[in-house]
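Colleague: Here are the chains, one letter per residue:
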Amino acid sequence: MVQKLYVRILKYALIVILALISFFPVYWTITMAFKPFAEWTSATGKIFWAPNHLTLKNFKDVFPSTTGAFFSPIPESALPPLIHSFVIVVVATIIAMVVGVLAAYGVSRYKKGGQLPFFLLQLRMFPPIAVIIPIMIMWAFLRMIDTWYGMVIIYATVTLPFSTWLMKTFYDDIPRELSEAAVVDGYTDFEAFKKVVLPLAKGGIASTALFVFILNWSDFLIAYIITDKDWATIPVHINKLQTALVGQLYGPKAALALIALIPPVVFGILIQKYLVRGLTFGAIKK
Amino acid sequence: MEKIDTSIQKRKKLATGKSANMKKTTVRHTERFALFLVLPAHFMLFFIVVFPLISSIYLSLTTWAPMTGGGVKWYSAYKFWGGLTNYWNIIRDVDFLKSLLRTLIIVGVVVPIEFFVGLGLAFLFLDNFPGKKIYHSILLTPMMIVPAVVGFIFYMLFQSSGPINALLSGVLFRNVNIAWLQGKFSALISIMVADIWEWTPLMFLILLSGLMALPQDQINAAIVLGASRYQRFKRIIFPLMKPVMIIALIIRGLEAVKIFDVVWLMTSGGPGTSTETISVYMYRQGFKYLNWSWVTACGLIVLILVIIISIYALRPIRREEEKAA
Numbered sequence: 000m001v002q003k004l005y006v007r008i009l010k011y012a013l014i015v016i017l018a019l020i021s022f023f024p025v026y027w028t029i030t031m032a033f034k035p036f037a038e039w040t041s042a043t044g045k046i047f048w049a050p051n052h053l054t055l056k057n058f059k060d061v062f063p064s065t066t067g068a069f070f071s072p073i074p075e076s077a078l079p080p081l082i083h084s085f086v087i088v089v090v091a092t093i094i095a096m097v098v099g100v101l102a103a104y105g106v107s108r109y110k111k112g113g114q115l116p117f118f119l120l121q122l123r124m125f126p127p128i129a130v131i132i133p134i135m136i137m138w139a140f141l142r143m144i145d146t147w148y149g150m151v152i153i154y155a156t157v158t159l160p161f162s163t164w165l166m167k168t169f170y171d172d173i174p175r176e177l178s179e180a181a182v183v184d185g186y187t188d189f190e191a192f193k194k195v196v197l198p199l200a201k202g203g204i205a206s207t208a209l210f211v212f213i214l215n216w217s218d219f220l221i222a223y224i225i226t227d228k229d230w231a232t233i234p235v236h237i238n239k240l241q242t243a244l245v246g247q248l249y250g251p252k253a254a255l256a257l258i259a260l261i262p263p264v265v266f267g268i269l270i271q272k273y274l275v276r277g278l279t280f281g282a283i284k285k
Numbered sequence: 000m001e002k003i004d005t006s007i008q009k010r011k012k013l014a015t016g017k018s019a020n021m022k023k024t025t026v027r028h029t030e031r032f033a034l035f036l037v038l039p040a041h042f043m044l045f046f047i048v049v050f051p052l053i054s055s056i057y058l059s060l061t062t063w064a065p066m067t068g069g070g071v072k073w074y075s076a077y078k079f080w081g082g083l084t085n086y087w088n089i090i091r092d093v094d095f096l097k098s099l100l101r102t103l104i105i106v107g108v109v110v111p112i113e114f115f116v117g118l119g120l121a122f123l124f125l126d127n128f129p130g131k132k133i134y135h136s137i138l139l140t141p142m143m144i145v146p147a148v149v150g151f152i153f154y155m156l157f158q159s160s161g162p163i164n165a166l167l168s169g170v171l172f173r174n175v176n177i178a179w180l181q182g183k184f185s186a187l188i189s190i191m192v193a194d195i196w197e198w199t200p201l202m203f204l205i206l207l208s209g210l211m212a213l214p215q216d217q218i219n220a221a222i223v224l225g226a227s228r229y230q231r232f233k234r235i236i237f238p239l240m241k242p243v244m245i246i247a248l249i250i251r252g253l254e255a256v257k258i259f260d261v262v263w264l265m266t267s268g269g270p271g272t273s274t275e276t277i278s279v280y281m282y283r284q285g286f287k288y289l290n291w292s293w294v295t296a297c298g299l300i301v302l303i304l305v306i307i308i309s310i311y312a313l314r315p316i317r318r319e320e321e322k323a324a
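Just so you know, the sequences run in chain order A and B. Just so it is clear: in the first sequence, position 147 is 146 by numbering that gives the first Met the number 0, and no numbers are missing. Just so it is clear: in the second sequence, position 151 is 150 by numbering that gives the first Met the number 0, and no numbers are missing.
The hints are simulated quantities; they were obtained by calculation from the structure and are not laboratory data. In this text, a Cβ means the ideal position worked out from N, Cα and C, and glycines have one as well. Take the hints with a grain of salt, since some may be wrong.
As the list claims (entries may be wrong) - Coverage of chain B stretches by chain A, computed from C-beta distances (three or more under 8 Å per stretch; other residues unrestricted): (1) 33–44; (2) 94–105; (3) 184–190; (4) 193–202; (5) 224–234; (6) 304–311.
As the list claims (entries may be wrong) - The calculated lysine-lysine pairs, modelled on BS3-like cross-linking and capped at a C-alpha distance of 30 Å, are: (7) A/K45 to A/K59; (8) A/K272 to B/K241; (9) A/K201 to B/K233; (10) A/K239 to B/K97; (11) B/K132 to B/K287; (12) A/K272 to B/K131; (13) B/K287 to A/K239; (14) B/K233 to B/K97; (15) A/K272 to B/K287; (16) A/K239 to A/K228; (17) B/K287 to B/K183; (18) B/K132 to A/K3; (19) B/K287 to B/K131.
Unchecked claim - Some, not all, of what chain A presents toward chain B, calculated at C-beta under 8 Å: (20) F36; (21) A37; (22) K59; (23) P63; (24) A129; (25) L220; (26) I221; (27) A256.
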C-alpha cells in the first residue's frame with residue numbers, strides 16, 4: 000500500500016519526537032555526568048543543555064581515594080557497592096540459571112513438577128515488601144542479613160520464575176524427536192539432555208542469563224532492606240546519596256547513575272529479541 | 000508421578016521390542032531423572048515460602064513489634080496475642096486505605112496511557128523507515144534502566160530549576176517555575192510521568208510483536224476487498240490482537256501495583272503522605288515505626304488480594320500454556 004508523502008513524513012516526525020522524549024532523560028544524565036560544577040549546580044539558576052567544558056571530575060568524586068589526599072564531597076566510595084552488586088548479581092544469576100535450566104527441562108520435556116510453573120508465576124506477582132519482614136526474621140535467625148550469600152539466595156529465588164519460564168520456551172522450540180532419537184541410540188536421559196539438548200539451547204541459555212542479570216541488577220527494595228553497611232549494592236548507594244547532606248550533588252550522582260545504567264542497557268540491547276518472551280513469561284513469542 | 004505423561008508412554012512403546020525388565024528400568028530412570036530436574040526448584044521455593052508464610056500468619060495475629068516489652072523475641076510474640084485486632088484496625092486505617100486507593104489510581108492512569116502510546120508506536124513501526132533499528136533500540140532503552148536510577152533521573156529533571164521547567168518555559172513563552180516534587184498533586188503527576196516514561200516501551204514491545212505475528216494475507220485480502228482502515232482494525236486486527244493486549248495489560252498492571260523504587264527516590268512518599276503507594280506505606284510502617292506485626296498483617300492482606308486478582312488475571316497466560324501443551 001502506497002501512503003501519501005505527507006502521511007509518511009508525519010509518521011516519521013512522530014517517531015522522531017517519541018524517540019527524543021525517550022532519549023532526553025538519558026541524554027540529560029550523560030551531560031550532567033560530564034559537566035563541571037558551575038554547569039550542573041542549580042544555584043546559578045542557569046540551564047546548560049550541553050556541557051561547555053567537559054570534565055571527568057564527577058567520576059573522580061564518586062570514587063574518592065581513601066587516603067584523603069584531596070577534598071571530596073562524597074564521603075563513601077562507590078567502588079565497594081559496585082563490586083558488591085557484581086558479586087551478588089553474578090552468583091545469584093548463576094544459581095537461578097542452574098536451577099531454572101534443570102527445572103524448565105523437567106517441565107517442558109517430562110511435564111514434571113505439577114503446579115510449579117504457576118506457583119512461580121504467582122511468586123513473581125507478590126510485592127516484595129509484603130513478604131520481606133518474615134524473610135528478614137528468618138535471615139536474622141540464619142545470620143544472613145547483610146551478607147553476600149543472604150542476598151544471593153533471595154535474588155536467585157526471586158528471579159527463578161523468569162529463568163524457568165524463559166528456558167521453558169526455548170526448550171519447547173527444540174524438537175522432542177532429537178532427544179528421543181538419542182535415547183533410542185543408547186544415550187541415557189541425562190546424556191541426551193547434556194549432549195543433545197543443552198548445546199542446542201546454548202543461545203537461549205545465554206539470553207536468559209543476561210535477562211536474569213538485568214532483573215537482579217535492577218533490584219533496589221530488597222537490597223535496601225536486607226543489606227546495610229557491608230554489602231550495600233549500587234542502587235542502595237545511589238539512594239544513600241539521595242538522602243544524605245550531599246543531596247544536591249547532581250553532577251557526581253549523575254556520573255554514578257550513568258555507571259549503574261550501562262550494564263543492563265547494553266545487555267538489554269543484546270537480547271532485544273527475547274525481551275518480550277521473558278517479560279511475558281513466554282506467553283508471547285516472536 | 001500423578002500423571003503418566005506421553006513421553007513415558009511413547010518410551011514404553013519404543014521399548015516393547017526389548018525385554019520387559021529393561022523396559023521397566025528405562026521408565027524408572029526417566030522418572031528419576033525428571034524428578035532430579037525439578038527438585039532443586041521445589042527445594043528453593045520450599046525454603047523461601049514455608050517459614051516466612053507460617054511466621055507471618057503467626058505474627059500477624061499478635062501486636063508484637065521488635066521493641067515491645069523491652070525487646071521480646073519474635074517467637075515469644077504470643078505474649079502479645081491480639082487475635083484479629085491488626086486486621087480489624089488495618090481495614091479501618093485511613094492511611095492504609097488511602098495508599099491502596101492511590102496505588103490503584105496510579106495504575107489506572109499510567110497503564111492505559113502506556114498501552115495507547117505503546118499501541119500507536121507499534122503501528123508506526125509496521126512501516127519501514129530509515130534508521131528503524133536504531134529508533135527501536137532508543138525507544139526500548141528506558142525499560143532497561145534500573146528503576147532506582149530512573150527515580151533519581153526524574154528527581155533531577157523535575158527540580159524547579161531543572162530542564163522540565165525550562166522546556167515548559169520555552170514552549171509556553173513565559174517563565175514556568177513549578178516546584179514539582181513539593182506539591183501534593185504535581186508530585187503524583189511527576190511520579191506517573193516517570194513510570195510512563197519507563198514502561199511504555201514494554202507495552203510497545205509486546206504489542207509490536209503481536210502485530211508482527213498477525214497473518215498478513217488476511218489483512219491484504221481485506222484491503223483488496225475494500226475494507227476501510229477502521230473496518231480492518233475492528234474486524235481483523237482487534238480480535239486477533241485481543242489476547243496479546245490482555246496479556247500486556249495484565250502484566251503491566253500487576254507490576255505497576257508494586258511501584259516503590261521510583262516513588263522512594265523521587266519523593267519518599269511525600270510531601271506528607273501524598274504520594275505514598277501501598278509499598279511505600281508498608282515500608283514506612285515496617286522500617287520507620289517498626290510495626291512488624293502490623294506490616295505482616297498488611298502483607299497478608301495484600302498477598303490475598305494479589306492472589307485473587309492474579310488467579311483471574313493469569314488465565315490468558317495459562318490458556319496459552321495449555322494450548323501449547
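Colleague: Each hint needs a verdict: does it hold in this structure or not?
Modeller: Right, here's what the structure says about each hint:
Here's how the stretch 33–44 of chain B fares: 10 of its residues keep a CB closer than 8 Å to some CB of chain A, so the rule of at least three is met and the hint holds. Taking a C-beta to C-beta cut-off of 8 Å, the stretch 94–105 of chain B contributes 0 residues in contact with chain A, too few for the three needed, and the coverage statement is violated. Three residues within the 8 Å Cβ limit are the bar, and the stretch 184–190 of chain B against chain A gives 0, so the coverage statement is violated. Given a C-beta distance limit of less than 8 Å, the hint that chain A covers the stretch 193–202 of chain B holds, as 3 residues qualify and 3 suffice.
Coverage of the stretch 224–234 of chain B by chain A is violated [criterion: at least 3 residues with CB-CB distance below 8 Å; count 0]. Evaluation of the coverage hint for the stretch 304–311 of chain B: fulfilled, as 3 residues show C-beta separations to chain A shorter than 8 Å, against a requirement of three. A distance of roughly 24 Å separates the Cα atoms of A/K45 and A/K59; the hinted pair therefore holds under the 30 Å criterion. The straight-line distance between the Cα atoms of A/K272 and B/K241 is roughly 22 Å, inside the 30 Å bound, and the hint therefore holds.
A threshold of 30 Å between alpha carbons decides the hint, and for A/K201 with B/K233 the separation of about 41 Å lies outside it, so the pair is violated. Proximity of A/K239 to B/K97 is assessed by CA-CA distance (about 28 Å); at most 30 Å being required, the pair is judged to hold. Between B/K132 and B/K287, the direct Cα distance comes to roughly 47 Å. Violation of the 30 Å bound is thereby established for this hinted pair. The hinted pair formed by A/K272 and B/K131 meets the criterion: a straight-line CA distance of about 15 Å does not exceed 30 Å.
Distance restraint check for B/K287 and A/K239: the Cα-Cα separation of roughly 16 Å lies within the 30 Å cut-off, and the hinted pair is therefore satisfied. With a C-alpha separation of about 39 Å, the suggested pair B/K233 and B/K97 falls outside the 30 Å cut-off, and the hint is violated. Proposed proximity of A/K272 and B/K287 is contradicted: the alpha carbons are some 42 Å apart, above 30 Å. Distance check on the hinted pair: A/K239 and A/K228 sit about 11 Å apart at the alpha-carbon level, within 30 Å; holds.
Distance restraint check for B/K287 and B/K183: the Cα-Cα separation of roughly 22 Å lies within the 30 Å cut-off, and the hinted pair is therefore satisfied. This hinted pair checks out: B/K132 and A/K3 have alpha carbons roughly 23 Å apart, not beyond 30 Å. The hinted pair formed by B/K287 and B/K131 fails the criterion: a straight-line CA distance of about 48 Å is larger than 30 Å. Because the smallest distance between the Cβ of A/F36 and any Cβ of chain B comes to about 15 Å, over 8 Å, the interface hint for this residue is violated.
The beta carbon of A/A37 is not positioned within 8 Å of any beta carbon in chain B (closest approach about 14 Å), and the interface hint is therefore violated. At its closest, the beta carbon of A/K59 sits 20 Å from a beta carbon of chain B; the interface hint therefore is violated under the 8 Å criterion. Nearest Cβ of chain B to the Cβ of A/P63: about 19 Å, over the 8 Å cut. The hint is violated. Satisfaction of the interface hint for A/A129 is found here, the shortest Cβ-Cβ separation to chain B being roughly 4 Å, below the 8 Å cut-off.
Hint status for A/L220 relative to chain B: holds, with the closest Cβ pair at about 5 Å, below 8 Å. Look at A/I221: its Cβ only gets to about 10 Å from chain B, farther than 8 Å, so that hint breaks. For A/A256, the interface hint holds, the least distance from its beta-carbon to any beta-carbon of chain B being 5 Å, beneath 8 Å.
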